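Working from the sequences, and respecting the hints, build out all of it.
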Amino acid sequence: MSKKVLSVLKYVFLAVISFVSVFPLIWMVIAATNRSVDITKGTMIPGSYLMENLNTLLSSDLHYMMAFKNSLIIAVITTALAMLVSSAAGYAFVVYKSKNRERVFNLILLSMMVPFAALMVPLFRLFTKFNNMGPLKLIALNTPMAVIIIAVATAFLIFFFRQNAQTFPKELLEAARIDGLGEFQIFVRIFMPTMKSCYAAAIVVTFMSSWNNYLWPLIALQSPEKRTLPLVISAMGTSYTPDYGMMMIAVFIATIPTAIIFFIMQKQFVAGMTGSVKG
Amino acid sequence: MKLKKATAVLLTVAVTVGLAACGSSSDGNKDSAKKDDNKLTIWAWDEAFNILAANEAKKIYAEKNPDVDVEVVTMAQDDIVAKLNTSLSSGAYDGLPDIVLIEDYRIQGYLNAYQEDFADLSEIASPEDFAEYKTGVNQIDGKMYGIPFDSGVAAMFYRTDMIEEAGYTQDDMENLTWDKYIEIGKAVKEKTGKDMLTLDPSELGQIRMMLQSAGAWYTDEDGKVNLADNQALKDAVTTYKKLVDAGITKTVSDWDQFVGAFNNGDVASVPAGSWLSPSIMKAEDQSGKWAVTAFPRMAENADSVNASSIGGAGWYVLKKVGHEDEAKEFLKETFASNTDLMNTLAEEINLISTLKSAAECDYYSKGMDFYGGQEVFKDFAEWTAEVPAVNYGENTYIIEDLMTEVMQQITSGADIDKVLSDYQKQAEAAISK
Chain Z
1345 MSKKVLSVLK YVFLAVISFV SVFPLIWMVI AATNRSVDIT KGTMIPGSYL
1395 MENLNTLLSS DLHYMMAFKN SLIIAVITTA LAMLVSSAAG YAFVVYKSKN
1445 RERVFNLILL SMMVPFAALM VPLFRLFTKF NNMGPLKLIA LNTPMAVIII
1495 AVATAFLIFF FRQNAQTFPK ELLEAARIDG LGEFQIFVRI FMPTMKSCYA
1545 AAIVVTFMSS WNNYLWPLIA LQSPEKRTLP LVISAMGTSY TPDYGMMMIA
1595 VFIATIPTAI IFFIMQKQFV AGMTGSVKG
Chain B
36 MKLKKATAVL LTVAVTVGLA ACGSSSDGNK DSAKKDDNKL TIWAWDEAFN
86 ILAANEAKKI YAEKNPDVDV EVVTMAQDDI VAKLNTSLSS GAYDGLPDIV
136 LIEDYRIQGY LNAYQEDFAD LSEIASPEDF AEYKTGVNQI DGKMYGIPFD
186 SGVAAMFYRT DMIEEAGYTQ DDMENLTWDK YIEIGKAVKE KTGKDMLTLD
236 PSELGQIRMM LQSAGAWYTD EDGKVNLADN QALKDAVTTY KKLVDAGITK
286 TVSDWDQFVG AFNNGDVASV PAGSWLSPSI MKAEDQSGKW AVTAFPRMAE
336 NADSVNASSI GGAGWYVLKK VGHEDEAKEF LKETFASNTD LMNTLAEEIN
386 LISTLKSAAE CDYYSKGMDF YGGQEVFKDF AEWTAEVPAV NYGENTYIIE
436 DLMTEVMQQI TSGADIDKVL SDYQKQAEAA ISK
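In the order they appear, the protein sequences are chains Z and B.
For what it's worth, this note's numbering labels the leading residue of the first sequence as 1345, then goes sequentially.
For what it's worth, this note's numbering labels the leading residue of the second sequence as 36, then goes sequentially.
These are computed hints drawn from the structure, not numbers from a lab.
Only a predicted model underlies this, so the values are computations on that prediction, with no experimental measurement involved.
Heads up, a few of these hints could be off.
[Said to hold, decoys possible] So these bits of chain B aren't anywhere near chain Z, every CB distance computed over 10 Å:
#1 E91
#2 I95
#3 S124
#4 E209
#5 I242
#6 K317
#7 V340
#8 D360
#9 N378
#10 T379
#11 S400
#12 D404
#13 S456
#14 K460
[Said to hold, decoys possible] Result set (BS3-like, lysine-lysine): computed pairs, CA atoms no more than 25 Å apart in a straight line:
#15 K317(B) with K1385(Z)
#16 K99(B) with K1385(Z)
#17 K1385(Z) with K229(B)
#18 K354(B) with K1473(Z)
#19 K224(B) with K1385(Z)
#20 K401(B) with K413(B)
#21 K276(B) with K215(B)
#22 K178(B) with K354(B)
#23 K324(B) with K224(B)
#24 K1385(Z) with K1441(Z)
#25 K259(B) with K285(B)
#26 K269(B) with K460(B)
#27 K226(B) with K1385(Z)
#28 K74(B) with K1481(Z)
#29 K259(B) with K460(B)
#30 K1473(Z) with K355(B)
#31 K99(B) with K354(B)
#32 K413(B) with K324(B)
#33 K1481(Z) with K94(B)
#34 K391(B) with K94(B)
#35 K226(B) with K276(B)
#36 K1514(Z) with K1443(Z)
#37 K74(B) with K94(B)
#38 K1473(Z) with K74(B)
#39 K1385(Z) with K285(B)
Glycine residues also receive a C-beta, built at the ideal position from the N, C-alpha and C atoms.
Laid out in structure tokens, this is it:
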């Protein structure tokens, strides 16, 4: 009997929690189908203004789809490069021994403690210098690379890959060396496939943080045609008469890519976060 | 060694991918001095208001100057502030706009810190052409740095049906004092069960409007914090407390709820800037039930008049971006003088212009059905001329953060004089940082 009560309580608790976390999403979808005036009145019934809101969004001169494309390009390249660079770094910290290895690693960890707001102005001044420095123009302000480059090697990712690389079996490494594989080959052919779930977790995290990144793109990207989604959505925010219907459809569309990435990698993501390796 | 080769390959891939991503984006980074590419950039916020206005101006300007390419960019106001702050403080003008909209409450801070970055507009406009209260904030050393744009003239929007149900007439709402307003509010509450107005404890627009109606502010004429010995502030705070104590206020916590309250018909009146009108008119089912009267005055304060202001902004030219002359020319032909533009904007976005000559616009003498045929624009324009001029200083938002705490303590019963003198010190400390 008491077991039954307990399980009922458990499900009630879970239902409440999941309602609380899912409600904002449901509200977003409902709001996207209503007029602004109905939303402020607090309606909870799906309306028939979805297409109208979508039209307002696409025909406004905010260039929403262009921003969507920009965000996608930046997020994909950032994630791809970050996976290569940061995982190689994390791998190296475990596999190659050297005298100052731990010191360097601690220094990297230390950089996690500095808040980005403190780095912003110095970074901005540094990047303005790039504008007049020949090849460095590639990563100068107002280019997607300016946003990508600072997210490629992050302390968190290096730390994450180092922790996971420690569970990478030494025997595999030695066996590969004996069989005559080069160091880079070992990394690509042995390490990468073994750590699949770890990569999946890192991809989800990196893609999401790049997709939602706000402060640095705001400062670094100047022309309107280079702006990313968070900037465009933020531009809809301040107004005397905000159009909530349009904002909600904009937010809704912006949620889709992260949702897709997450659902594709869900299984590996969970495995990766808990740190399992198939030997 | 194989490793080296592999690294080289990796690097090449990274660079190529980067190149492809940038595409044609690496151009346009020449000197930040004068440019002759005939391109003007304007930054503003609010798609449905400022941006629309800028686009109308662009259209008018293009008729006479087809070779100048004007680009209007929508950005959140906070984003504009963040970008101006980083760029101006590091002296990097690349990517900044030629013309930027800046809120009246903030402009003094910019003009004091970066005076040499803003163009002197005295030659294209003169303060006498604009409502007096708008030109106090954009002048330094007698030079005018901005073209005043929208009027945030304060008004009392109210539901005629509810007022009448409570036993009052529209005449009672004329020449209103806060005491009378509270009296009517109590009757409304009793007869209809509805609240008289909304209050948002985290947004003190109400206090700011009361202050300006008495020609006062959180700061004195020299921009120094003035909370402790500020009679107008004491009166405003007292009035605010009276409103709360009367039990006729509905508490809201954000903009969304604020708009929802009057769209739903939950409150009988809304004291707000004239710019709120489009939001009120969104509730089409309430057409004909609204009217507008002048902002109430504080009877106990001799300086207080039936006019005030909230919000509002002006156009400024950043001269080091490279198109100073073109930008000035643009403003001269549009926002600084063009009454036709003001007429169009009145019709399209309900703009109450601060350009004095705009009062003669045709649209201003048009009765509006939503407000029972009232010539709302004419009234707004009339009140605009009466708004007392106030120097907002540099620190309005910093002080206001503290003021929300002050108001919380006072509405829960703390001694007004004591709280204000405590916070005088706190505000001084916050600003000297």
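For each hint, the structure was consulted:
Every beta carbon of chain Z lies more than 10 Å from that of E91(B), the smallest distance being close to 13 Å; the non-interface claim holds. Every C-beta of chain Z lies more than 10 Å from that of I95(B), the closest at about 17 Å, which supports listing it as non-interface. Residue-level check failed: S124(B) sits 7 Å from the nearest beta carbon of chain Z, not beyond 10 Å. In this structure E209(B) is separated from chain Z by more than 10 Å, as the shortest Cβ-Cβ distance comes to about 26 Å.
The beta carbon of I242(B) is kept farther than 10 Å from every beta carbon of chain Z, the shortest such distance being approximately 20 Å. Residue placement check: K317(B) does not keep its beta carbon more than 10 Å from all beta carbons of chain Z (closest about 4 Å). For V340(B), the requirement that its beta carbon stay farther than 10 Å from each beta carbon of chain Z is met, with the minimum near 24 Å. For D360(B), the shortest C-beta to C-beta distance to chain Z comes to about 22 Å, beyond the 10 Å cut-off, and the non-interface label holds.
Interface exclusion of N378(B) from chain Z stands, the closest Cβ pair being 20 Å apart, more than 10 Å. Consistency note on T379(B): stated as away from chain Z, and its beta-carbon is indeed over 10 Å from all of that chain's, at 18 Å minimum. Consistency note on S400(B): stated as away from chain Z, and its beta-carbon is indeed over 10 Å from all of that chain's, at 24 Å minimum. Against the 10 Å criterion, D404(B) stays outside the reach of chain Z, whose nearest CB is about 18 Å from its own CB.
Every C-beta of chain Z lies more than 10 Å from that of S456(B), the closest at about 33 Å, which supports listing it as non-interface. The non-interface label for K460(B) is consistent with chain Z: the shortest C-beta to C-beta separation is roughly 27 Å, beyond 10 Å. For the suggested pair K317(B) and K1385(Z), the alpha carbons sit about 11 Å apart, so the restraint of at most 25 Å is met. Annotation: proposed proximity of K99(B) to K1385(Z) is violated, straight-line Cα distance about 45 Å (limit 25 Å).
Between K1385(Z) and K229(B) the CA atoms are separated by roughly 16 Å; this keeps the pair inside 25 Å, and the hint holds. Between the alpha carbons of K354(B) and K1473(Z) the distance comes to roughly 21 Å, so the proposed pair stays at or under 25 Å and holds. For the suggested pair K224(B) and K1385(Z), the alpha carbons sit about 21 Å apart, so the restraint of at most 25 Å is met. For the given pair, K401(B) sits about 8 Å from K413(B) by alpha-carbon distance, which is consistent with the 25 Å threshold.
Distance restraint check for K276(B) and K215(B): the Cα-Cα separation of roughly 15 Å lies within the 25 Å cut-off, and the hinted pair is therefore satisfied. Of the supplied pair hints, the one linking K178(B) and K354(B) holds, its CA atoms being roughly 15 Å apart against a limit of 25 Å. Taking the CA atoms of K324(B) and K224(B), the gap is about 18 Å. The hint holds against a cut of 25 Å. For a cut-off of 25 Å, the pair hint linking K1385(Z) to K1441(Z) is broken: about 64 Å separates their Cα positions.
With a C-alpha separation of about 34 Å, the suggested pairing of K259(B) with K285(B) is violated against the 25 Å cut-off. Of the supplied pair hints, the one linking K269(B) and K460(B) holds, its CA atoms being roughly 17 Å apart against a limit of 25 Å. Distance hint between K226(B) and K1385(Z) is fulfilled; the C-alpha atoms sit about 23 Å from each other, no more than 25 Å. The suggested pairing of K74(B) with K1481(Z) holds, with an alpha-carbon distance near 22 Å, which does not exceed 25 Å.
A C-alpha spacing of about 12 Å is found between K259(B) and K460(B), which places the hinted pair at or below 25 Å, so the restraint holds. For the suggested pair K1473(Z) and K355(B), the alpha carbons sit about 17 Å apart, so the restraint of at most 25 Å is met. Simply put, K99(B) and K354(B) have alpha-carbon atoms about 23 Å apart, close enough for the 25 Å limit, and the pair holds. Taken as a hint, the K413(B) and K324(B) pair is honoured in the structure, with Cα atoms around 19 Å apart against an allowance of 25 Å.
Using a Cα cut-off of 25 Å, the hinted pair K1481(Z) and K94(B) is violated, with the two alpha carbons roughly 35 Å apart. Using a Cα cut-off of 25 Å, the hinted pair K391(B) and K94(B) holds, with the two alpha carbons roughly 22 Å apart. Of the supplied pair hints, the one linking K226(B) and K276(B) holds, its CA atoms being roughly 23 Å apart against a limit of 25 Å. A threshold of 25 Å between alpha carbons decides the hint, and for K1514(Z) with K1443(Z) the separation of about 20 Å falls inside it, so the pair holds.
Restraint check: the Cα-Cα separation between K74(B) and K94(B) comes to about 14 Å, which is no more than 25 Å; the hinted pair holds. Simply put, K1473(Z) and K74(B) have alpha-carbon atoms about 24 Å apart, close enough for the 25 Å limit, and the pair holds. For the given pair, K1385(Z) sits about 15 Å from K285(B) by alpha-carbon distance, which is consistent with the 25 Å threshold.
When each numbered hint is compared with the structure, violations occur for hints 3, 6, 16, 24, 25, 33.
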